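Taken in sequence, the protein lines are chains H and D.
Under our numbering, the letters of the first sequence match residues 1 to 311, in that order.
Under our numbering, the letters of the second sequence match residues 1 to 373, in that order.
Please note that a few of the clues may not be correct.
Here are the computed distance ranges between Cβ atoms for each label pair [as the list claims (entries may be wrong)]:
1) H/Ser59 <-> D/Thr320: 29 to 39 Å
2) D/Val309 <-> H/Lys76: 47 to 57 Å
3) D/Gly210 <-> H/Gly183: 22 to 32 Å
4) H/Glu73 <-> D/Ile251: 51 to 61 Å
Going by beta-carbon spacing under 8 Å, a handful of chain H positions derived as facing chain D [what the hints assert, rightly or not]:
5) Glu241
6) Leu268
7) Val271
Source of the hints: derived by calculation from the structure; they are not laboratory data.
Please read all numbers here as calculations on a predicted model, not as lab measurements.
Cβ atoms here follow ideal geometry from the backbone N, Cα and C, with glycine treated the same way.
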Amino acid sequence: MNKTTVEVDSLVKQYGTLNAVDGVSFKINEGDVFAFLGPNGAGKTTTVEILECLRPLTSGTAKIFGYDVTRAEDEKEIKKRIGVLPQEYSALDKLTVKENIDLIAEMYEKRLDTLKTIELLDLKDKTKDRFENLSGGLKQRVGIVCALINDPQLVFLDEPTTGLDPKARRDVWSVIQNLKKLGKTVFLTTHYMEEAQVLANKVAIIDKGKISAIGSPEELISKYGSLKVLTIKNGDKKLAEVLQKKFGQTSLSSDGDVNVKVDSVDELWRVMAVLTEMKVGRDIEIQTPTMDDAFLKIIGGRITEEGELKQ
Amino acid sequence: MKAYTIFKAVTKNWMRSRTGLFLSILFPILLLVVLGVIFSGIGGASQYALFVQNLDLNAAIGEPSDLSTAFVAALNSSEAFRITEVPLDENATEYARDTLGPLGGSMRILVISEGFEDDLVNRAKTSLTIMLDPADQSGTAVKSIIASVANAFNYQLIGAENYIEFNEASLIDDQFSMVALYVPAVTAAFMMINGVIGLTANTTEFKRRGIIKRLSITPLTKLDWIIGNVLSQTLLNLLLAGIMIGVGWIIFNIRIIPDLFTIIIIVLGSIMFSGIGLILSGFIKDTEAATAIGNAITFPIMYLSGTFVPLELMPSYLQTVSKVMPLTYFSEGLRAAMLYKDLEGIYTSMAILAFLAAVFILVGALVTRWKAK
Chain H
1 MNKTTVEVDS LVKQYGTLNA VDGVSFKINE GDVFAFLGPN GAGKTTTVEI
51 LECLRPLTSG TAKIFGYDVT RAEDEKEIKK RIGVLPQEYS ALDKLTVKEN
101 IDLIAEMYEK RLDTLKTIEL LDLKDKTKDR FENLSGGLKQ RVGIVCALIN
151 DPQLVFLDEP TTGLDPKARR DVWSVIQNLK KLGKTVFLTT HYMEEAQVLA
201 NKVAIIDKGK ISAIGSPEEL ISKYGSLKVL TIKNGDKKLA EVLQKKFGQT
251 SLSSDGDVNV KVDSVDELWR VMAVLTEMKV GRDIEIQTPT MDDAFLKIIG
301 GRITEEGELK Q
Chain D
1 MKAYTIFKAV TKNWMRSRTG LFLSILFPIL LLVVLGVIFS GIGGASQYAL
51 FVQNLDLNAA IGEPSDLSTA FVAALNSSEA FRITEVPLDE NATEYARDTL
101 GPLGGSMRIL VISEGFEDDL VNRAKTSLTI MLDPADQSGT AVKSIIASVA
151 NAFNYQLIGA ENYIEFNEAS LIDDQFSMVA LYVPAVTAAF MMINGVIGLT
201 ANTTEFKRRG IIKRLSITPL TKLDWIIGNV LSQTLLNLLL AGIMIGVGWI
251 IFNIRIIPDL FTIIIIVLGS IMFSGIGLIL SGFIKDTEAA TAIGNAITFP
301 IMYLSGTFVP LELMPSYLQT VSKVMPLTYF SEGLRAAMLY KDLEGIYTSM
351 AILAFLAAVF ILVGALVTRW KAK
């Protein structure tokens, strides 16, 4: 059985009368990629900063490798063992990539070779470039090197792909996938559904300081995602009526597509049999539910590109 | 060790910033050169422009009388004035205004009245009319010089001898000129600016961009961070002092040899102003505000601590205020160590600076947040 790396129980963080984190509990095992998914202001960063010993908690408990984040002696041990990519990572503008990484590296007794780590992140050509001259994607990669330079057992990545272009985003994803292969535990906060679904083996959906659902992406999708949808392109009213009579949950879209929601694979085959019998020779698409659908069901809204919740 | 890493990083970051380098090193040099040129007499001593209309004519020949001519010559020989004679048929005020033009400076007119010579010969009182612009800040000095020349003229006329003579002697070594006083003063003022504005602006920027937060997640402690920054400020200030002394030596031939006291005072000053910088950084959230607040603090302090304006020229209540200005003791300490070699002054300044440095750095450390709320 995997060891528990992070253990949070009834965590509360209050600012005046506002509960930024409201009774959050979860566990992360060694080697997990845990995604904390939620809109801006949901309490993701506050939770992460409590775990990074940056912010005191109001009540509840939070332990990393069994060390209590509220105890000064434990804090030292935690800081040695974690790597962090903060939200909107930045560094000293006039220092080079290597100098910025060395600055963080020299804070640790145990550290990896800077140049080798830079190579791993494909930054070798940029070693002597000043931080101020790097693109957003490269800056983020420098931040990731800094997060890994002490060879941490647990890596916190707070919104690592926010503001990056699609290519840079995929590059960061590939880094996270490599971390997973190396057996590192990753705590990822994100507002991108696809990111959580692709990278994580455990997802917690958080909104207004509370965890609304937790589980593997597959579990969440199967539990909260809508049914599979079978779409018959350029259908007609008659076809829609036949399928509605036999299977229910059928609709005709404005562009003429007939959509049938199916509960199971068996039902899917039954619909296909009817279509074969009716000699329907049109294009057929099967849409499977995603994390986005599960999130919509759980929270009642979607998250925009900027991270805002849209009801 | 971690403090040394911070010192290296912060110093490199500053050294590579053109703006930082200009404000911390080049601007003080420029100011010192400007003040030096003004006060060292390079390019010729300054003179006051003075218009003189001599109405006292010798009726027989229609030329100015001998005594009035001699008086104008005496004014000239003082070397304090650049005299322009106003023709008799001109209105003195209009003539002076036309001659000076719109940006020609302050108008000063001396009119020698008709009968000047006769009055003096007959030992009767005579008068001179001085017309000055009320806004002319040199007015008092000009009146004093003219009065001095008139007095000397009186003495010579009645054949009196000067029994009391004034000999000028400098309080500081002859090798130092007026500009020598500005080397420690400008150095001290900019060390304050480096700490109060430079450090505050840098720290605020690091805070705003999450750099301090990133560092605080590592095993780096708040104490390491503060020591690293104070070391960087100290190095910057020692560098500044060295360069200012070098500039003074090369351009103005001021030979200041810094001793251990100078270095100790610079270290104490650096800690003190770094402390003030840290205190401000604890409350200020953005760089623009840091610069604005820093300026609002440092500029009054510079004038209230006698850095550029001698304290003696200030009203007595401002002289009292100057006694609570940290720059007063820093500036005085540097002067005492660099120029006067006055041990009592050095020890007094060092004791006060050590106390203020301890207080400010302690408060600075207390308000520096290493954890979010």
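For each hint, the structure was consulted:
One distance hint, 29 to 39 Å for the beta-carbon pair H/Ser59 and D/Thr320, is violated here, with the actual separation near 53 Å. With their beta carbons about 52 Å apart, D/Val309 and H/Lys76 fall inside the hinted range of 47 to 57 Å. In this structure the hint that D/Gly210 and H/Gly183 lie 22 to 32 Å apart at CB holds, the actual value being about 29 Å. Range check, H/Glu73 to D/Ile251: about 58 Å between beta-carbon atoms, so the 51 to 61 Å window is met.
At about 59 Å, the closest approach between the beta carbon of H/Glu241 and any beta carbon in chain D exceeds 8 Å, and the interface hint on this residue is violated. Contact between H/Leu268 and chain D, as hinted, is not supported at the beta carbon level, the nearest pair being about 49 Å apart and thus beyond 8 Å. Checking H/Val271 against chain D by beta carbon gives a least distance of about 53 Å; that is not within 8 Å, so the hint is violated.
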